[in-house]
Each structure stands twice: as C-alpha cells, then as structure tokens.
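Chain by chain, the residues run as shown.
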Amino acid sequence: MKSFTVSKAVTALMLAGLVLLPLYSQLSGNIFILTLFTRIVILALAAASLNLIMGFGGMMSFGHAAYLGIGGYAVGMLAQEGVGSGFIQFPVALAASATYALVIGALSLRTRGVYFIMITLAFAQMAYYVASGLARYGGDDGLTVYKRSDFSGLINLSNRTQFYYLCLACLFGVVFLIWRIANSRFGLVLQGLRSNEQRMQAIGFPSKRYQLVCFVISGMMCGLAGALLANNTDFVSPAVMYWTRSGDLMVMVILGGMGTLFGPVIGAVVYLLLEEFLSQLTEYWALIMGPMLLLIVLFGRGGIMGLLGRLNRG
Amino acid sequence: MLLVVEQFLNGLQFGLLLFLLAAGLTLVFGIMDLVNLAHGSLYMMGAYFAATFAAWTGSFLLGALLALGATLVLGIVLEMTALRHLYGRDHLDHVLATFGLILFFNEAVRLIWGPAGLALPLPAWLTVPVPILPGIHYPAYRLAIIVVALLVALLLYLGVMRTRIGMLIRAGASNREMIGALGINIKLLYTLVFGLGAALAGLAGLMQAPILTVQIGMGENILILAFVIIVIGGIGSIRGAFLAAIFVGMIDTLGRAFLPNLLRQVLSGAAASTAAPALSSMLIYLLMAIVLVVRPEGLFPANRR
Numbered sequence: 001m002k003s004f005t006v007s008k009a010v011t012a013l014m015l016a017g018l019v020l021l022p023l024y025s026q027l028s029g030n031i032f033i034l035t036l037f038t039r040i041v042i043l044a045l046a047a048a049s050l051n052l053i054m055g056f057g058g059m060m061s062f063g064h065a066a067y068l069g070i071g072g073y074a075v076g077m078l079a080q081e082g083v084g085s086g087f088i089q090f091p092v093a094l095a096a097s098a099t100y101a102l103v104i105g106a107l108s109l110r111t112r113g114v115y116f117i118m119i120t121l122a123f124a125q126m127a128y129y130v131a132s133g134l135a136r137y138g139g140d141d142g143l144t145v146y147k148r149s150d151f152s153g154l155i156n157l158s159n160r161t162q163f164y165y166l167c168l169a170c171l172f173g174v175v176f177l178i179w180r181i182a183n184s185r186f187g188l189v190l191q192g193l194r195s196n197e198q199r200m201q202a203i204g205f206p207s208k209r210y211q212l213v214c215f216v217i218s219g220m221m222c223g224l225a226g227a228l229l230a231n232n233t234d235f236v237s238p239a240v241m242y243w244t245r246s247g248d249l250m251v252m253v254i255l256g257g258m259g260t261l262f263g264p265v266i267g268a269v270v271y272l273l274l275e276e277f278l279s280q281l282t283e284y285w286a287l288i289m290g291p292m293l294l295l296i297v298l299f300g301r302g303g304i305m306g307l308l309g310r311l312n313r314g
Numbered sequence: 001m002l003l004v005v006e007q008f009l010n011g012l013q014f015g016l017l018l019f020l021l022a023a024g025l026t027l028v029f030g031i032m033d034l035v036n037l038a039h040g041s042l043y044m045m046g047a048y049f050a051a052t053f054a055a056w057t058g059s060f061l062l063g064a065l066l067a068l069g070a071t072l073v074l075g076i077v078l079e080m081t082a083l084r085h086l087y088g089r090d091h092l093d094h095v096l097a098t099f100g101l102i103l104f105f106n107e108a109v110r111l112i113w114g115p116a117g118l119a120l121p122l123p124a125w126l127t128v129p130v131p132i133l134p135g136i137h138y139p140a141y142r143l144a145i146i147v148v149a150l151l152v153a154l155l156l157y158l159g160v161m162r163t164r165i166g167m168l169i170r171a172g173a174s175n176r177e178m179i180g181a182l183g184i185n186i187k188l189l190y191t192l193v194f195g196l197g198a199a200l201a202g203l204a205g206l207m208q209a210p211i212l213t214v215q216i217g218m219g220e221n222i223l224i225l226a227f228v229i230i231v232i233g234g235i236g237s238i239r240g241a242f243l244a245a246i247f248v249g250m251i252d253t254l255g256r257a258f259l260p261n262l263l264r265q266v267l268s269g270a271a272a273s274t275a276a277p278a279l280s281s282m283l284i285y286l287l288m289a290i291v292l293v294v295r296p297e298g299l300f301p302a303n304r305r
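Protein chains in written order, with the numbering used here: chain L, 1 to 314; chain U, 1 to 305.
The hints are simulated quantities; they were obtained by calculation from the structure and are not laboratory data.
One thing to keep in mind: the hints can contain errors.
What the hints assert, rightly or not - Interface residues of chain L toward chain U, partial, derived using beta-carbon atoms under 8 Å:
| hint | residue |
| --- | --- |
| 1 | Met60 |
| 2 | Tyr129 |
| 3 | Gly133 |
| 4 | Tyr137 |
| 5 | Pro291 |
Each residue gets a CB set at the ideal place from its N, CA and C atoms; glycine is no exception.
My request is simple: use the sequences and hints to build the entire structure.
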C-alpha cells in the first residue's frame, strides 16, 4: 500500500482548511464564509451518516432528510416548551431519531433495491406531512428557535467560532466512529452483506439485525446534524425534511465517493460551494446543476475520490 | 348521503388520475428497469403545456390534445437524449440522474413561465353540475375525468394484452435479450414505451390542471403518491397499479373528508382538530406499511418475480 496518494493529500488539505477557516474569517473580517461553512460542515455530517448505510451497508435510503427534521424539531419543540438545556435537547434529538429509524428501518428492510429507495422516500414524506400538520409548532410555516441550546457555560452556541468548532468536532467524531465501525467485525459483516447477502445468511449471520442496527446508528448521527442545523438557522420547518433535501444528501455522497471515509465530506463541500457559486452567477442555477448531475452520473464513476484515485494510478 | 356519494366519486376520480401517473411509472420500470423520478416533471409539463396551448388556441379540448402530443414528444426526446444511456445502470444512478432532471425542469419552467402559477379555465359546458342520482349533482368536469381515465385504462389493458405491440412490450419485460435476438428493434420499442408513459403522465397533469393551480413542483408530491401505489400494487404490474391507485385515492380522499368528524366522536374537539390533519395525511403511508408487513412484494407482484 502506498503511503502517499493524491486523494490522501487532498483530504488532508481540506481538513486543514476546515480547521483553520475561523482564523481566516477573523483575519479577513469575512463573517459570511464562517456562516456558510458552518452549514456545510453540518450537512457534511449528515452526508457522512448517509454514507454509513449507503456506502458500507448498501442500503439506498432516499429519506435521510427526515432525521434532519426530527433532530431539529426535538430542539425546537423543547425550546418552545421552555426546556433550553442542550444536555436534554441533544439526547432527546438522538433518541427520537433512533426510534424513528428503528420503526422505519424494521419496515423498510423487509424489502430491497428500488422498493427500499421508494419506501424510505415515502416515509420521509410522511414525516414531512406530519410536521406540516403540527399546528402548535408552526405547521407549514415552521418554528423559530428563539434561544440556542444552552450547555450551561461549557460552550456558547451563540458564538460563531465556538459553534463552528462544535460542529466540526461532531463531524470529526462521526467520521472517526464510521471508520471504527467500518473496520470492526460488525462493519465487516455489513460490507459482506452489501456484496452478497445470501452467502452471509448461509454462513449464519442474521442479516436484517445487522442492517437495522446500522440503519439506527446512521439515523442518530443524522439526527445530531439536525439538532445542530436547527441551532445554526435558529429555525426549523418541514422544508428541512422535504425530499429534495434527501436527494441533495445522496448527491453529496455520490459526488464525493460512496463508501469512502472522507468522500461525503468532500462531496458536501464541493456540492454546496458549487451551489453557492452558481447561485451568485445566475438566479437559475438549478438549470446548470441538473444536467451537471446527469453528467456526473453518466461519466463520473466513483465520485471525486474515485477520480483522485485514478489520477494517482495514471 | 350527498356528501358520501360526492366524496366517493372524488376519491375515484383522484385514484384514476393517480393510476395514469403510476401506470407510466410502472410500465417504464417493468420494461426498461428504469426508475424515473422525473415522471412527475412530465406531469407538470403536461399541465403547463395545456394551460399555454389552451390560452393560444382559445379552446380547452384543442389545447389538451396539443399538450398531450407535446408531452409525448418531450418524453421521446428525453429518452433519446438522456435516459437511454441509463439503461442497465445501477438504480441509484437512475435516481440521481432523474433527480438532476427534476431540478432542470423546475428551473426551466420558472425561467419560461415565471414563478407564479397558471390557471387553466374550463369551458362553460364542463362546469355545469350533472345529476347522477335523483337529487344528487356532480361537476361535469370531474365526471369527465373519471370517464376519460377509465377509457384510457381500458385502452391500455387492451393495448398491452391484445395487440402485437403489447405482446412485444410484455416480451421485452420478461426477457429483453431474447426479443432483441429475435430481430425486434428494442431501442425503438423502449422509446415508444417511454413516450407512452410520458403521455399518460401529461394526460394526468393536464386533467388535474383545472382543479388545482398549475405550478412548479406540482408533480413531486403526486409522484410520491405514485411510488406508494407502485409499492402497494407490486412493481411492474399494471393491474396492481390500477387497484392500488383506486384504493389509495379513496382512502386519501375519504380520510381527509371524514376522519376529523370520526375523531371528534372519540377525542375532545381541540385534540381532534390537531390530530386529524396529521393523521389523515399519514393514512396511505400506514396502509403501505401494513401491506409491506403482510406482503413485501406488493399485492399483485408482476409475474416475472
């Protein structure tokens, strides 16, 4: 195995950039870039969690944005009811995401392939409609979070830099966890299930149980991203769960490189920066983005990580 | 009684519309093994075309016919330029590529027609209430939708089951290499099937247009309902899609109409009015969950599996 590869160098460069970003923002006085990247880091966290089930588990979930909403609504609803402590809000967000993932996963995992894609999509859409029906918590209009989660002096989420580093720490923590999971016995079983489920069952692994646990872990990670996102925007609405958001997350994973550790992070950074850049260029940015996606699918096998890997060999 | 009959017919009408959408989706999936998220965009384009052509020609029927042809052509062009290259690829690739197409279509519509919705006014002869039972009237237009959709469903059934093209379509669904080897132009067949699916989606869109506003994103919510129908009915099965569509249309419509009152009898007024909207929008998904638990392959799985 080679010690130096292009993809490793690019990953290291990007991670260093993410860590040093607040410094740059401070020196240049550009606050916007910090706000933008806080959002990018949070969505990278969500994309990384999706990669756990898609890339390593082979489960193509098209409803991952539901957890963003569930995590967000857990924070928003508790804040509205007067529970401002992050020590309660975040565990509740994780528990709610885990419960949802357990139920949806148990139902969806009865199917595979396209059915799985459609069913996760439909259930996420159900969550969207349920949130739209919550008249007490803003319904369609969404819910303003007037006070960010309070960690009793430990960390101040209203401070931009501190909040950014909290999000970044969560992202690194989750990527580290995914790395550990992927290399554990549990992760190896999952990857075995991805390549040949029947054979794994024949060896004697209860495939559904492994996949369900993975599904729940991934859901909790994304729920964390949701709780952070609600704090970032001070607002949560059903739109966070809209199915195009799930599509965005999927695109980030594929764009960066499915089944690679840092691929989804790179994918999220590139996708969201591209979106930002194109939307400054023209109001009709999706007109360019849409066909671009088509071209990426047609010609860009393995995403950015795959491309960097080929660069290394060639 | 009046309300029950009316809502029953509304449910039937909505279900039949959903069938037109789901039929195209399931046909394309069953035969080309292609997951087409952009099917909802074709539905939207049907509605926009109809609104535009009706305004140009001044005639609703002429506008509808032109719009039907336009969506057919659009579908064929779409298949030949983009989707053809996706056959045989991973389903995930289909999802992403057609997701990109949705972004493109929504933005293109915004560019051409602007962000505000359009209206498609009905001609006077379609707005009169028609007596269906003694003392019960029903809007002529909704009745017309039911008749047209039933007719299309019948034609589709006869076309697939009784004609030569239909035979080729069924053969293509069960073994594409074999029918290619037998000298059938499979490329052309696929293009035709996709065009047919597009026209069905366009028909659903243009018929729905006078009832709802013609707006961006109108195809997406209904597309997800079509997915639910396909999952319930069994992927690739037109018969399954028909029954599931009627079922879903009924449950959705009747649930929204009667659930609030039913809940009010069990719960207190305030609790019922909060729970009812959320619960009635959940109904069909609950139905899907139940079907999945009982029959993961759908109620009427296509024969090949």
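Evaluation of the provided hints:
no. : hint   : result
1   : Met60  : holds (5 Å)
2   : Tyr129 : holds (4 Å)
3   : Gly133 : holds (3 Å)
4   : Tyr137 : violated (10 Å)
5   : Pro291 : holds (6 Å)
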